[in-house]
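Q: Listed below, chain by chain, are the residues.
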Amino acid sequence: MPDSLLATHQLTRSFGAHRAVDALSLQVNAGEIVGFIGGNGAGKTTTMRMIMGVLSPSGGDITWRGAPATEQVRRRFGYMPEERGLYPKQPVLSQLIYFGRLQGLDGRQARTAAGQLLERFGLTCRAGDKVESLSLGNQQRVQIAAAVIAKPELLILDEPFSGLDPAAIDSMTSLLREHAARGVGVLFSSHQLELVQSVCDRLIVLARGRIVADGTPAELQRRGRTRYKLSVGAPLDWLDSSSRVQVCALEGHSAILTLSDARDADALLREALRHGPVYELSEVVPSLAEIYREVAA
Amino acid sequence: MTVETTADPPVQPAAEPEATGIGRRSGVIRLVAAHEIQVKLRDRNFLISTGVLVLLLVASFGVQFYLTKRSSTTTIAISSSAGQSAVRQARAEAHAAGISIDLKPAQYATDSDAVHAVRQKKAAAALVRRNDAWTLVGLSSKNDTITTWLVPSLQRQSVADNAAAAGVDLGRLSRNTTPSYTLLDPNAGRNEAASRISATVFGLLFYLAVLVFGAAIAQSVVEEKQNRVVEILASAIPVRHLLIGKILGSTVLAMAQLVLVVALGLLGLSITGHAGQLALVSGAGWFVIFFLIGFAALACMWAVVGSLATRSEDIQSTSPPMTVLVLSVFLIGILATGTTLKVASYIPLLSTIAMPTRLVSGDASWPQALISALIAVLAAAGIVRLAERMYRNSLMQTHRRMHIRDALRHQEA
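As given, the protein sequences belong to chains L and G, one line each in that order.
Residue numbering for the first sequence follows our numbering, starting at 1 and increasing by one per position.
Residue numbering for the second sequence follows our numbering, starting at 298 and increasing by one per position.
For the record, the hints were derived by calculation from the structure and aren't laboratory data.
By construction, the Cβ of each residue, glycine as well, lies at the ideal position given by its N, Cα and C atoms.
One or more hints might be untrue.
As the list claims (entries may be wrong) - List of simulated lysine-lysine pairs, PhoX-like, C-alpha gap at most 20 Å:
(1) K89(L) <-> K639(G)
(2) K89(L) <-> K151(L)
(3) K401(G) <-> K130(L)
(4) K419(G) <-> K401(G)
(5) K418(G) <-> K401(G)
(6) K419(G) <-> K439(G)
As the list claims (entries may be wrong) - Per label pair, the in silico range of CB-to-CB distance:
(7) L501(G) <-> D129(L): 38 to 48 Å
(8) G66(L) <-> L667(G): 21 to 31 Å
(9) Q192(L) <-> L338(G): 40 to 50 Å
(10) R608(G) <-> G66(L): 27 to 37 Å
(11) E610(G) <-> Q192(L): 30 to 40 Å
(12) R608(G) <-> Q192(L): 47 to 57 Å
(13) R608(G) <-> E251(L): 38 to 48 Å
(14) R702(G) <-> S14(L): 12 to 22 Å
(15) D129(L) <-> V349(G): 38 to 48 Å
(16) D340(G) <-> R108(L): 22 to 32 Å
(17) D129(L) <-> A356(G): 51 to 61 Å
(18) K89(L) <-> K401(G): 53 to 63 Å
(19) R608(G) <-> A218(L): 44 to 54 Å
(20) R322(G) <-> R108(L): 36 to 46 Å
Claimed, not checked - Away from chain L, derived, C-beta distances all over 12 Å, residues of chain G:
(21) F358
(22) L467
(23) I529
(24) V536
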């Protein structure tokens with residue numbers, strides 16, 4: 001049983017007649033990186049805002065380690081909103097200290113933590129500069145520093161990878177992994193499916209305010225019937241759909257098919273070998289994009 | 298971004314929330330207030346405007362000081378010791394009557410030297426004897442101090458001389474000849490003037506403070522909204538604490554500026570010898586109290602003005618109701634008289650200027666002021682609650698400009 005940190009139960013939010021989030025139940029476990037994917041308007045940002053307490057739910061509730069998530073508890077969540085927020089005309093260091101203190105650090109702790117983060121991001125020499133004078137990439141670094149400064153137990157990151165160059169994406173990825181390794185739960189949203197697949201331990205797919213898929217990438221890829229690809233050296237005119245084999249697509253010397261029972265693969269292979277050489281009989285693993293299109297349709 | 302693994306220990310569930318309740322709440326509010334003050338003190342515009350205000354005050358007192366110094370000394374050119382004693386006599390009489398004038402005799406060798414000094418504007422007039430009588434020679438106009446004090450004094454001295462020469466007892470002759478002139482309410486006129494002046498001064502101070510700091514609060518709120526910082530702030534602390542912290546920070550700064558201006562004003566009054574007018578400031582204590590209450594209420598409303606906008610530019614279209622309100626408070630406060638003033642002194646916001654004005658003129662007593670202050674506090678509390686709701690409702694609406702109606706009705710974005 002994984003150590004569950006955050007859970008939402010039947011979480012709902014309506015804007016007028018529009019139901020943006022509809023009875024959504026999810027959980028984020030300790031040390032787990034959860035990717036939150038879905039199209040525009042699927043309800044990702046609304047859900048994250050409710051988790052952070054910025055928006056109040058119309059229904060349902062949010063718990064932290066099994067107890068209702070209070071304002072006190074939420075201050076241990078690090079947050080990076082979809083639209084980045086920093087004071088452009090204030091110096092980097094004093095700004096980070098302010099955010100750290102708002103999240104419960106005392107003055108000395110906030111100063112130390114801010115200094116360490118700036119050093120880590122190579123921004124120590126820019127500590128006294130106004131945020132607006134930094135490049136966008138560096139502003140993004142300051143933004144993530146603001147989210148992690150108080151050593152949060154949960155990170156809620158809305159589109160943390162948007163606008164990052166490949167090097168910054170790698171750096172953000174290792175930052176998330178590092179926090180997860182310390183037992184921090186991470187929930188992040190993204191449109192970049194390949195990236196999500198490579199970073200997260202678990203995926204939650206959202207469509208029209210509802211969860212349409214939830215599982216590890218491998219689980220999602222194996223949901224439903226496993227499809228096989230058969231590739232042979234002779235025409236496949238002998239292959240017909242039967243109660244045990246269903247042909248999905250047939251083209252020349254290769255076919256995509258499903259089997260009623262995985263053990264029928266042996267029989268299928270023997271049958272194919274009887275008709276000529278067999279080049280390939282393998283499981284077809286769908287890409288996340290395919291799964292996403294399928295579940296979100 | 299270069300990233301290496303850190304030596305941070307694994308996260309342990311925090312056993313107990315660090316601080317709870319009032320301590321934590323006031324800590325957050327103080328933090329926001331301190332941040333607000335820190336930002337403002339680093340803001341060049343604020344520093345310059347405060348500097349200009351102080352300079353203007355110092356300069357105005359400097360000019361007054363110069364003018365009083367210059368006009369208060371009246372030099373009389375004389376050429377005889379009799380003239381000198383005549384001038385001193387006049388000065389002594391003025392002092393005896395409680396009027397501080399500076400009549401200064403300046404000795405010259407001859408009468409024509411004395412008159413020459415007048416021509417050269419070294420003296421206001423020359424006092425010389427011609428045909429056995431005192432004669433005053435001025436340049437282009439008659440000097441008021443001389444007409445009021447020196448002329449009658451010389452006249453009395455001459456009458457006394459003539460009486461002595463004629464063997465008349467002047468004391469008996471002049472007994473009971475001067476009618477006494479007493480006043481039933483000697484302070485009434487002065488109070489009327491004092492209350493008018495104090496109303497204008499208080500009113501102007503309040504008006505300026507509310508406009509300058511109010512606009513700054515609105516600006517600071519909309520900037521947080523525009524830069525989306527507000528979402529991070531709202532996720533870390535309750536919006537109510539954010540609002541109260543902002544108002545507190547601005548109020549502290551406004552009060553500091555007010556104290557600076559009032560202190561400079563008092564200093565200026567005492568330096569320029571208008572210490573008598575210090576009585577004006579007896580209402581200042583009450584003014585500070587009403588200033589605080591009125592400022593806090595209006596500051597909240599300014600925060601709403603800021604939260605209704607999405608960009609700094611929008612403030613121009615969301616602020617007119619506030620500008621009109623503040624101007625009305627000011628104008629009614631300084632212009633109202635009689636019953637209107639009495640009524641205004643109990644109406645929240647209007648009472649900010651109206652009640653201290655009545656206190657200075659002696660028209661209101663402190664229990665009345667207390668009642669008015671209580672009404673103002675209750676109203677301010679109501680305004681703060683309403684403003685907080687509107688602020689919360691419009692704060693997360695970062696994509697469109699809100700209308701007051703929406704903010705009141707909207708069930709939080």
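Q: With reference to the structure, classify each hint as holding or not holding.
A: Comparing the hints with the structure gives:
{"no.": "1", "hint": "K89(L) <-> K639(G)", "verdict": "violated, 47 Å"}
{"no.": "2", "hint": "K89(L) <-> K151(L)", "verdict": "violated, 26 Å"}
{"no.": "3", "hint": "K401(G) <-> K130(L)", "verdict": "violated, 64 Å"}
{"no.": "4", "hint": "K419(G) <-> K401(G)", "verdict": "holds, 12 Å"}
{"no.": "5", "hint": "K418(G) <-> K401(G)", "verdict": "holds, 14 Å"}
{"no.": "6", "hint": "K419(G) <-> K439(G)", "verdict": "holds, 15 Å"}
{"no.": "7", "hint": "L501(G) <-> D129(L): 38 to 48 Å", "verdict": "holds, 40 Å"}
{"no.": "8", "hint": "G66(L) <-> L667(G): 21 to 31 Å", "verdict": "violated, 53 Å"}
{"no.": "9", "hint": "Q192(L) <-> L338(G): 40 to 50 Å", "verdict": "holds, 43 Å"}
{"no.": "10", "hint": "R608(G) <-> G66(L): 27 to 37 Å", "verdict": "violated, 43 Å"}
{"no.": "11", "hint": "E610(G) <-> Q192(L): 30 to 40 Å", "verdict": "holds, 35 Å"}
{"no.": "12", "hint": "R608(G) <-> Q192(L): 47 to 57 Å", "verdict": "violated, 30 Å"}
{"no.": "13", "hint": "R608(G) <-> E251(L): 38 to 48 Å", "verdict": "violated, 57 Å"}
{"no.": "14", "hint": "R702(G) <-> S14(L): 12 to 22 Å", "verdict": "holds, 21 Å"}
{"no.": "15", "hint": "D129(L) <-> V349(G): 38 to 48 Å", "verdict": "violated, 29 Å"}
{"no.": "16", "hint": "D340(G) <-> R108(L): 22 to 32 Å", "verdict": "holds, 27 Å"}
{"no.": "17", "hint": "D129(L) <-> A356(G): 51 to 61 Å", "verdict": "violated, 38 Å"}
{"no.": "18", "hint": "K89(L) <-> K401(G): 53 to 63 Å", "verdict": "holds, 59 Å"}
{"no.": "19", "hint": "R608(G) <-> A218(L): 44 to 54 Å", "verdict": "holds, 47 Å"}
{"no.": "20", "hint": "R322(G) <-> R108(L): 36 to 46 Å", "verdict": "violated, 22 Å"}
{"no.": "21", "hint": "F358", "verdict": "holds, 36 Å"}
{"no.": "22", "hint": "L467", "verdict": "holds, 82 Å"}
{"no.": "23", "hint": "I529", "verdict": "violated, 5 Å"}
{"no.": "24", "hint": "V536", "verdict": "violated, 9 Å"}
This entry does not satisfy hints 1, 2, 3, 8, 10, 12, 13, 15, 17, 20, 23, 24, going by the numbered hints stated previously.
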